[in-house]
Amino acid sequence: MIWNNEMECADRQQMHEIQSRRLTAMIQRIYDNVPFYRKKLKEAGIEPGDIRSVDQLSDLPFTTKNDLRDNYPFGLFTVPQSDVVRIHASSGTTGKPTVVGYTQQDLETWAEVVARSLTMAGIHSGDTIQIAYGYGPFTGGLGLHYGAEKVGATVIPISTGNTKKQLQFMTDFQATILACTPSYAAHLGESIRKEGIAPEEIRLRIGIFGAEPWTNEMRKEIEQLLRIKAFDIYGLSEVIGPGVSMECECQCGNHVFEDHFIPEIIHPETLEVLPDGEIGELVFTPVSKVAMPLLRYRTRDLTRLHREKCDCGRTLVRMEKCLGRTDDMLIIRGVNVFPSQIESVLMEMTETTPHYQLIIRRENNLDTLEVLVEIDERNWSDSIRELEGIRHRIDNNIKSMLGISAKVRLVEPNSIERSEGKAKRVIDHRHC
Amino acid sequence: MYIKQLSVFLEDRSGRLTELTRILAENDVNITALSVAETADYGIVRMVVGRPELAKKVLEEAGFSIGLTDVVCVNIPDKPGSLYRILEILAAEKINVDYMYAFSNNDVALAVIRAEDIVQMSGVLEKNNQQLLSQADIYQL
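Going down the list, the protein sequences come from chains Y and D. Residue 1 is where the first sequence starts when you use my numbering, and the numbers rise one by one after that. Residue 433 is where the second sequence starts when you use my numbering, and the numbers rise one by one after that.
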């Protein structure tokens with residue numbers, strides 16, 4: 001099923017026209033209403049009338065997360081506060097939160113793209129969706145909420161946490177859809193097993209997971225644990241929240257709703273636009289946003305784009321699963337390391353769990369990487385020889401994948417801190 | 433005949449072994465034999481206890497990772513050459529011992545032995561007239 005056939009299956013020419021029209025109007029809006037952008041555009045020698053086509057996007061200046069912080073809280077809004085009906089804020093790990101505002105029309109756009117996303121995964125009226133994303137300033141909970149209502153699903157707005165109640169609602173209300181972060185999905189799956197809940201008591205068939213990077217191996221693990229098909233939803237609050245892009249049943253990348261959010265891939269250092277198929281930093285221009293449109297917002301996510309038509313019938317450009325964030329990238333002894341690479345090594349092991357933590361230190365001016373891995377409490381050997389064999393196998397696989405060696409340490413089950421939102425995977429002592 | 437040995441995976445953290453034995457004490461579980469095998473980062477505690485199922489339950493509730501492993505517990509005469517006699521029987525049948533630990537008290541000496549094929553090992557020892565202890569025997573020690 002396709003929610004919006006006209007937009008999701010438009011030919012390239014039509015999409016080009018829509019994007020160009022919306023971009024032109026957006027430039028005028030931000031030039032007229034946001035001093036920060038007027039100054040930026042003037043510095044780049046651009047007047048609103050100069051931009052007539054989306055092909056000129058690469059002439060325009062970028063916006064970064066720092067620009068959002070500098071204009072905290074409402075400096076980038078294009079409308080008076082009386083037109084803003086909602087504010088969300090993402091918790092900055094350092095410093096000020098990132099604030100975004102929505103007009104009524106923005107909320108409608110958001111519900112529309114989430115409705116497209118849920119429909120893409122096969123969700124429809126008659127489904128019961130348990131939304132275990134956080135409700136509040138974080139965009140996950142409320143973002144999914146209105147889109148789910150729009151498709152006519154029954155919404156359980158349970159928010160995150162309180163695992164016992166999650167399991168009770170899941171079984172008693174016969175939830176068919178679970179929406180949360182992938183790490184919380186894994187946690188719920190384990191809890192179901194631990195509580196001894198019979199598989200037939202769980203009616204889940206589809207999972208909608210996002211808000212943190214996850215690998216295909218983790219997908220398989222969650223699909224087995226919960227006996228569902230798991231889909232990736234992508235989004236970030238600066239652009240709108242969840243619903244910027246979504247996986248279809250072909251699972252060959254996420255379709256970007258490019259009539260609203262125009263994607264580009266740039267080289268993170270030279271800032272040049274890269275051709276389709278090349279890996280670089282993902283940049284979005286949310287052209288239809290009213291309260292807070294952004295010009296070429298640098299997401300720091302690393303991925304690549306594909307434009308061939310998908311078997312599902314949609315013509316929307318696809319982005320691959322993010323390799324990581326430019327700021328998640330760890331440089332260890334001069335080698336670029338993404339936590340997702342280590343995760344994929346661990347996912348291949350049957351004797352350990354997907355719970356891990358990377359600890360980076362600097363000892364005698366040399367970076368060291370320590371990998372803590374929990375043994376599987378249901379499947380471990382009491383023979384030191386076998387445990388050491390597992391450790392060496394992980395060691396070797398990490399070394400052959402990354403080219404650097406790591407110290408692997410087996411730890412007790414449940415000893416690595418669990419978070420019900422995002423997992424704390426990396427502790428870097430070099431910057432403390 | 434073989435018995436259940438309790439295996440516990442312990443991270444190398446101070447107080448873990450104390451915590452383990454405290455829980456067993458509180459639940460009135462008697463430890464008949466115990467050995468610790470350690471590496472730089474973790475250790476495996478192996479124990480023969482009076483009530484292995486109860487011990488497993490209470491330790492798991494306290495967050496320990498517990499395995500129950502089949503081992504053979506042989507009663508050997510407490511005099512020189514007895515252990516040699518047992519191992520000779522196993523060697524003759526090419527049974528490879530994974531690990532073992534032994535203790536003696538008054539006139540009773542016991543060896544706890546783990547091999548890959550526990551069924552074969554217990555059969556071989558019984559055929560050679562060695563006295564193997566049952567779970568009930570352990571409980572009465």
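If you're looking for bench data, these hints aren't it; they were derived computationally from the structure. There's no promise every hint is true.
Mimicking DSS-like on lysine-lysine, the simulated pairs with C-alpha atoms at most 27 Å apart in a straight line are [as the list claims (entries may be wrong)]: (1) Y:K220 to Y:K309; (2) Y:K194 to D:K511; (3) D:K489 to Y:K194; (4) Y:K194 to Y:K220; (5) Y:K96 to Y:K165; (6) Y:K309 to Y:K229; (7) Y:K164 to D:K488; (8) Y:K424 to Y:K399; (9) Y:K194 to D:K559; (10) Y:K150 to Y:K165; (11) D:K526 to Y:K164; (12) Y:K96 to Y:K150; (13) Y:K194 to Y:K424; (14) D:K559 to D:K511; (15) Y:K229 to Y:K165; (16) D:K489 to Y:K165; (17) D:K488 to D:K559; (18) Y:K165 to Y:K399.
Return the numbers of the hints above that this structure violates; sort them in rising order.
Numbers 2, 5, 9, 11, 12, 17 and 18 - these are the hints that the structure violates, sorted from lowest upward.
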